[in-house]
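Participant: Protein chains in written order, with my numbering: chain A, 18 to 191; chain B, 16 to 298.
Think of the hints as simulated: they come from the structure by calculation, not from any bench. The C-beta atom is built at its ideal place from N, Cα and C for all residues, glycine as well. One or more hints might be untrue.
Stated by the list, open to error - Have a look at the derived ranges for each label pair, beta carbon to beta carbon:
1. A:Gly175 - B:Lys69: 56 to 64 Å
2. A:Glu117 - B:Glu174: 29 to 37 Å
3. A:Asp131 - B:Ala58: 45 to 53 Å
4. A:Glu188 - B:Gly77: 15 to 23 Å
5. B:Ile291 - A:Ser31: 30 to 38 Å
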Amino acid sequence: MRMQNTPLSAEPVSVITVVNFSELKISTNPSETLVAFSIGSGIAVSMYCAITRVGGLLNFVLPDSSKIGSERVSRFPYMFADTGIPAFLEALNDIDLKIEKLKVVIAGGAHILDQTSDFNIGLQNYRAITSILSRENLIIHHEDIGGSSKRTLGLDIGNGCSIIQTAGQGEVKV
Amino acid sequence: MTNIEDIISAIDTLKPIPPVATQIMVLAEDEDSSMSDISDLIAYDLSLTASLLKICNSAYFGLSRKVESVRDAITLLGLDQIVELILLNSTAENFKDEPDGYGLGEGELWHHAVLSAHVAKMLAENNGLADKKHFIFTAALLKDIGKLIMGRFVAFSYEKIHILVNSKGYSFNEAEKEVIGMNHEELGALVGEKWRFGKKLIYVIRNHHMSDEAARDDAGTALVYLADIICMMMGFGTGMDGLAYRFYSDVLDRMNLTEQDLQKVIYDTGERRQKIQNLLNLV
Numbered sequence: 018m019r020m021q022n023t024p025l026s027a028e029p030v031s032v033i034t035v036v037n038f039s040e041l042k043i044s045t046n047p048s049e050t051l052v053a054f055s056i057g058s059g060i061a062v063s064m065y066c067a068i069t070r071v072g073g074l075l076n077f078v079l080p081d082s083s084k085i086g087s088e089r090v091s092r093f094p095y096m097f098a099d100t101g102i103p104a105f106l107e108a109l110n111d112i113d114l115k116i117e118k119l120k121v122v123i124a125g126g127a128h129i130l131d132q133t134s135d136f137n138i139g140l141q142n143y144r145a146i147t148s149i150l151s152r153e154n155l156i157i158h159h160e161d162i163g164g165s166s167k168r169t170l171g172l173d174i175g176n177g178c179s180i181i182q183t184a185g186q187g188e189v190k191v
Numbered sequence: 016m017t018n019i020e021d022i023i024s025a026i027d028t029l030k031p032i033p034p035v036a037t038q039i040m041v042l043a044e045d046e047d048s049s050m051s052d053i054s055d056l057i058a059y060d061l062s063l064t065a066s067l068l069k070i071c072n073s074a075y076f077g078l079s080r081k082v083e084s085v086r087d088a089i090t091l092l093g094l095d096q097i098v099e100l101i102l103l104n105s106t107a108e109n110f111k112d113e114p115d116g117y118g119l120g121e122g123e124l125w126h127h128a129v130l131s132a133h134v135a136k137m138l139a140e141n142n143g144l145a146d147k148k149h150f151i152f153t154a155a156l157l158k159d160i161g162k163l164i165m166g167r168f169v170a171f172s173y174e175k176i177h178i179l180v181n182s183k184g185y186s187f188n189e190a191e192k193e194v195i196g197m198n199h200e201e202l203g204a205l206v207g208e209k210w211r212f213g214k215k216l217i218y219v220i221r222n223h224h225m226s227d228e229a230a231r232d233d234a235g236t237a238l239v240y241l242a243d244i245i246c247m248m249m250g251f252g253t254g255m256d257g258l259a260y261r262f263y264s265d266v267l268d269r270m271n272l273t274e275q276d277l278q279k280v281i282y283d284t285g286e287r288r289q290k291i292q293n294l295l296n297l298v
């Protein structure tokens with residue numbers, strides 16, 4: 018006998034998975050939403066394949082690992098655009114999906130007010146990611162870049178929707 | 016404009032930092048003081064001693080034997096670590112409360128405070144100010160203490176502040192001053208005066224966003240400022256104010272820091288973040 022409050026078919030429980038600073042997460046779970054909170058000058062990039070319903074989120078903070086001059090950088094590939102984005106594409110490639118069909122959304126690259134271009138790491142991060150994606154023939158579907166607000170980027174693996182929240186300015190779904 | 020007297024009277028809602036914490040900081044930087052002077056001072060405060068021993072005996076430090084006295088703790092973990100633990104333990108209670116108005120999540124301001132204190136200490140060690148590292152650590156830890164009170168006033172006036180920042184080119188602290196009549200730096204300095212902090216510490220808190228140009232010549236203030244903007248760029252503990260504070264490249268020029276150096280500091284901070292996060296869970 019069925020208990021009175023038990024649903025006939027249980028809805029899958031939605032899960033929010035945090036993608037921290039310098040992390041990459043890939044998911045095939047349609048109930049999962051990947052979220053990078055509190056993005057400053059770093060950039061979070063979501064990539065999603067609508068055919069296979071596979072997606073991932075990378076949260077990097079610096080443009081170029083070769084500028085650091087430390088052997089230890091190899092331990093943190095997702096901290097940098099130049100190592101994180103190729104690793105992201107490689108991980109997606111391993112799942113056997115069509116890279117050229119990916120929906121790419123980027124958010125972040127903020128700067129301190131009056132931050133001159135030499136010191137504007139947000140701008141350098143943006144230049145790095147656009148150059149790498151262009152080399153891979155990938156088009157950015159939507160971007161929310163620059164300014165001085167912190168942002169949050171989420172990716173709903175169930176429907177491929179990316180959610181960008183900007184402090185004080187609300188939410189955009191793409 | 017808010018009645019300034021109302022803002023100032025709200026300082027009494029904070030829990031004062033025990034005077035022993037600031038006395039320890041002064042002793043730790045005094046070349047003439049000995050380890051026993053410091054351990055005696057700590058041992059006088061039973062509650063502080065109990066907290067310290069509990070933290071030192073936690074799994075985080077993985078010590079092979081039990082720490083049973085303050086002197087033991089200093090011998091096993093080193094004076095630097097003990098001074099830091101005491102400062103963290105003494106400030107945690109206030110900062111762990113979420114300040115309304117800045118749009119920060121639970122514990123985020125505390126996270127920012129601790130991380131920027133570690134970045135400031137790292138900068139002090141790498142830029143010829145190792146002898147001042149405890150002072151710089153403390154100043155970075157306490158620089159945003161004004162936010163704990165200012166938060167409720169920011170929340171009430173947020174729309175006006177938001178317009179000034181987003182449409183009129185104000186920085187967040189300039190907008191606070193314009194709309195509320197005081198910014199969180201000035202309020203933090205008043206907290207410091209009420210709690211009898213040293214003059215240098217009050218100076219850094221009052222100027223940590225470099226509103227006064229003269230502060231850019233002060234090496235301690237410059238390091239705290241730099242640590243703060245690095246944490247903002249990394250998105251650590253930023254709220255509605257985001258990165259809306261002014262950047263002064265001459266501060267970096269005076270310290271001979273290049274853009275590449277700035278990236279290295281961000282990298283080093285990223286590398287240490289997990290360790291600092293684990294420490295945060297202890298206090």
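Participant: Against each hint, give a clear statement of whether it holds in the structure.
Facilitator: Taking the hints in turn, this is what the structure says about them:
Distance hint check: the CB atoms of glycine 175 of chain A and lysine 69 of chain B are about 45 Å apart, inconsistent with the given range 56 to 64 Å. At about 45 Å, the CB distance of glutamate 117 of chain A to glutamate 174 of chain B disagrees with the hint of 29 to 37 Å. A hinted range of 45 to 53 Å holds for the C-beta pair aspartate 131 of chain A and alanine 58 of chain B, which are about 49 Å apart. For glutamate 188 of chain A paired with glycine 77 of chain B, a C-beta distance near 44 Å fails the hint of 15 to 23 Å.
Hint check: isoleucine 291 of chain B to serine 31 of chain A, Cβ distance near 31 Å, so the stated range 30 to 38 Å holds.
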